[in-house]
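Visitor: Residues per chain, in single letters:
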Amino acid sequence: MGIGRVWVFGELAEGKPTTTTLELIEGAKSLGASSVEVVLHGPEVDGALGVLGGTGVSKVYNVGDLGDALVGAPIAAAIAGQIESGNSPDSILFGATYDGRDVAARLSAKISKGVITNCIGLEAQGDTIVASHALFGGSQIAKSKFTGAGPWLFVVRAKTFSAPESLGEASVESQSISVPDLGATGAAMVINRHVEERSGPKLDEAPIVVSGGRGLGQSEHYAMIEELAKLLNGAPGASRAIVDAGWVPYAYQVGQTGKTVKPTVYIACGISGATQHMVGMKGSKNIIAINKDKDAPIFTICDLGIVGDVHKVLPALIDALKNR
Amino acid sequence: MNVAVCVKQIPDPAAPGSLDPTTKNLVRGGKLILDDSDAYGVEIALQLAESSGGGEVTLVSMAPNGETSGLRTALAMGASKAVLVSDGKLAGSDALGTARVLAEAIKRVSPDLVLAATESTDGYTGTTPVQVAELLGMPSVTFAKKIEVDGNSIKVERQTEAGYDEVSCPLPAVVTVTAGVVEPRYPSFKGIMAAKSKPVDQLDVAGLGLSDSQVGSTGAGQEVFEVQDAPQRDVGEIVEDDGEGYAKVVSFLENLKLI
Ligand SMILES: Cc1cc2nc3c(=O)[nH]c(=O)nc-3n(C[C@H](O)[C@H](O)[C@H](O)COP(=O)(O)OP(=O)(O)OC[C@H]3O[C@@H](n4cnc5c(N)ncnc54)[C@H](O)[C@@H]3O)c2cc1C
Ligand SMILES: Nc1ncnc2c1ncn2[C@@H]1O[C@H](COP(=O)(O)O)[C@@H](O)[C@H]1O
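Chains as they are written, first to last, in this note's numbering: chain A, 13 to 336; chain B, 43 to 301.
Calculated from the structure, these hints are not laboratory results.
Remember, predicted model here, so these are calculated numbers, not experimental data.
Note that CB positions come from ideal geometry on N, CA and C, so glycine has one too.
Please note that a few of the clues may not be correct.
[Stated by the list, open to error] Computed cross-link-like contacts, DSSO-like style, restricted to lysine-lysine with a CA-CA straight-line distance of at most 30 angstroms:
id, chain 1, residue 1, chain 2, residue 2
1, B, K188, A, K214
2, B, K131, A, K125
3, A, K297, A, K155
4, A, K155, B, K73
5, A, K171, B, K187
6, A, K334, A, K304
[To be verified] Computed beta-carbon distance windows for the label pairs:
id, chain 1, residue 1, chain 2, residue 2, range
7, B, D192, A, S97, 32 to 40 angstroms
8, B, S253, A, P213, 32 to 40 angstroms
9, A, S70, B, V281, 49 to 57 angstroms
10, B, S255, A, G138, 42 to 50 angstroms
11, B, A56, A, S174, 29 to 37 angstroms
12, A, K324, B, E92, 46 to 54 angstroms
13, A, K324, B, A133, 24 to 32 angstroms
From just these sequences and the hints, can you work out the full model?
Guide: Have a look at this one:
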């Protein structure tokens, strides 16, 4: 019977499927699903159908425009409605995004099925899906599978699968699915959206990421990280220690609770290399670390390590790059 | 305003964790501590109870062997009481099983607001609190960095990909708070002494009215069947900076044709 039908909880940004959505579609295809179908919401679904068709999915379920509602409850209810009426997928993949986890968690409780979270690999073995997920902040990898009947729910971390480089267009069938009455659960509404400005390439797509940690000493010194990132056409990132300290916004955070990045080069400056940080960057093709403590764990995973003071190495490096 | 805070008691994260080789359940030996991630929820709950002119903060926890040491820390911070669910049958519970237990325990407290962390330090599924919300029929707001009470509803600043959203949500509701958003208070000596006599209501699975098949490894419907060390990366060149360390970085980037 194989892996059967796999649904993907998809998200759009500026009218296009997000990278995470495209990754999940690739993942579903790699499992050998008999069909890959995508659940989408928002005012721009119709405009995105061509690109989705181009990825080879066979159907799009359109939950419609949810306005200002937080989407977890309505989308979970719409999917549960389909399952109850007999249109049930065998598995559903969710990205480990703000909304992806909400939808997965709500749906899980609604249909009384467990969720396997933090997946960093999914593999078909006969009729089952084997999920790999990191334990203890990434030091160990466990393999899990569901023992009961589906639908099986998986929350998958970013960059687990690769999105296609280029996208074609093709037509795809789309079906509206309705949101049943939510009672109190649907009452959370966005009343204002705040966008924090950020220039340069996106952290999770940049070919070079330069990250700073507590070793920078104080918030003003983060300017060195921004300058270096800019000189290299890269994106600045951060450890959680300095996000928690309020030096930079949360959107900069790399790691277990932040972004997963896999750039060509990751440069860690004054970052110790806690497992929760490394889990978000150790897939980088090359890693450079600058840290004054030669025993810092970051040195166990780097290709080039400079044991030194960031206040000496970074200004010299910035000067050298400027003078080229 | 009465606030229930879900607090997880976990093995010290500084000590390396391990799984039982046969059951693949987390080995829980030694004393458990209050999960750091939950200290923020406790702090916010105490601030909200104070600013709304009183009200109680009740802790809700599921832990093996009637473990209370993590709860005592949060009681010492100022929480009034705790509900602790402990039962051998809970071993191997997944997030949904845990949520069933927490939801039943929370029903006994009837709070205006339920707080939890966005994710725990050891399990970090990040799904338990929203599962609790669904089971309780409540709305939920995840990734909160600020909560304000406004009569019968709350205003929450919720982190987003682009920045943050202001979300309005009627009570009762479940809110998950992100780490680092407030400075959790240190328990005072007086607080520590007072915590020793604060009530901890202990319940088991039957006492909650749940059936054995809804919790523990039988309720989980998923199994871990293999655990391996994560693949190691090869270590490259490590050099002591003698003033020329920057040049090593430059040539490394040159070799990759990035500059
Ligand atoms: C549930 C959970 C989730 C987490 N998620 C994340 C996450 O997503 N991302 C993340 O980053 N962390 C995360 N953490 C936190 C993580 O455990 C570490 O606390 C954090 O990564 C440490 O940040 P840091 O390396 O900047 O600071 P520190 O650990 O304090 O390290 C600072 C480093 O700077 C070096 N240094 C000091 N001065 C200098 C100098 N002048 N020049 C050069 N080097 C210097 C020091 O030798 C040290 O190695 C998480 C923790 C938990 C419990
Ligand atoms: N056993 C538990 N007891 C109390 N609270 C819990 C428990 N498990 C999870 N939680 C709460 O749910 C949050 C998220 O947990 P998790 O789903 O493990 O990431 C935790 O930080 C706690 O606030």
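Visitor: When the structure is checked against the list of hints, which entries are broken? Sort them ascending.
Guide: The structure conflicts with hints 8, 10, 13, although it agrees with all the remaining ones.
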